[in-house]
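So the sequence lines, in the order shown, correspond to chains W and S. 119 is the number that the numbering used here gives to position 119 of the first sequence; each next residue is one higher, with no gaps. 68 is the number that the numbering used here gives to position 68 of the second sequence; each next residue is one higher, with no gaps.
For the chain S half of the interface with chain W, some residues (derived, Cβ under 10 angstroms), not all of them: (1) 17; (2) 21; (3) 35; (4) 38; (5) 43; (6) 129; (7) 130; (8) 131; (9) 132; (10) 139; (11) 144; (12) 145; (13) 147; (14) 150.
Here are the simulated DSSO-like cross-link-like pairs (lysine-lysine), alpha carbons at most 27 angstroms apart as the crow flies: (15) S:80 x W:152; (16) S:113 x S:92; (17) W:50 x S:88; (18) W:56 x S:92; (19) W:145 x W:105; (20) W:56 x S:163; (21) S:63 x S:122; (22) S:63 x S:74; (23) S:178 x W:145; (24) W:145 x S:63; (25) W:125 x S:63; (26) S:113 x S:163.
Just so you have them, the derived chain S footprint on chain W, three or more residues with Cβ under 8 angstroms: (27) 18-31; (28) 52-60; (29) 121-131.
I should point out that these hints are in silico values taken from the structure, not numbers from a laboratory. Quick reminder that beta carbons are idealized off the backbone N, C-alpha and C, glycines included.
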Amino acid sequence: MARFKQKNDKGTPGLNMGSMSDIIFMLLFFFMVITTMRESTLFVKINAPKGSEVTKLEKKSLVAYINIGVPTEQYAAKYGTEPRIQLNDQISEVDQIRHFVEEEKAQRNGVERDLLTFAIKADSKVKMGTISDIKQELRASNALKIFYNASKDAKKK
Amino acid sequence: MAKRATPGLNTSSMADISFLLLTFFLMTSSINTDMGIARRLPPPLPPSFTPPDVRERNIFIVKINRSDLILFNKEVPVDKETALGLLKDRAKEFLGNPENREDLPQKEMVDIKYLGKYPVSKGVISLQNDRGTSYETYFRVQNELTAAINEMRNELAKQKFSKAYIDLDTARQHAIDKAIPVAISEAEPKNTGGGK
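Start from the sequences, fold in the hints, and give me the full structure.
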């Protein structure tokens, strides 16, 4: 009767943990790849307004950002406490926008040039005067696609 | 001398280390999606341009002054929150003009693909703000106007195709966009505050 000898220990066999680190590494690389390091450091504080009708901004490569806000504390001495415009990684004046538009357009070819969107990232407390000036400059330099950055208002439907 | 076997590295802590790194990247990474409202600026005007005559019934004026008070047409101003609450319904009533009232915008029959003849409103919402208006108020007004247009588009999509606007294909969405255009005109800002 010893032909079908049954094992006496009924305990569950232990899982092989050898491949665990591989799986974790895979996840790790995934997150490392998708993490976007911010290209330019912001000199201005931006607390975007909230809206219920916001949509996603598509095609990140076809977007140029115009940041408007009060300089952060560490830059307050250098740039003052009034709202300033930041293009790429420098604080700029309104009349530099034309040049900025030209530069951004020069970086793109043919078809993409017309699809270029200028995202206005402004702080809620910025006055419309500044923003209107920017919009007029954009109009004058034929950059007509704009985008008002905002955050999604969760509580309102 | 006998060759000694090299002792194997203990790799069981490898998983712990990579877990640590993983949690770090999980915490720090933000798949940041930019959200907001897209708009199209009008092209620069030629110097010889004369503004077209627009009938009064076809304009709905929304004014925001430098203390962020909102005014509709020539009515008595109400405070900001009340006005923002009213704005969406007022804009819908104005653009839709469901009862074809005499004091609300005219309509023009336009032949649109997929929709057939559709009465497109001639109404334009004129948004005027001051240089001293805060961006937040301006944005919230834009938001409410967008909400009005989105709701109207959705209603039309439900009525014509019995589907929500976002579930339609691009061609049909364009047809609806044509039927209910984003009719918002922005005036040059006034400078009553005197400041920059």
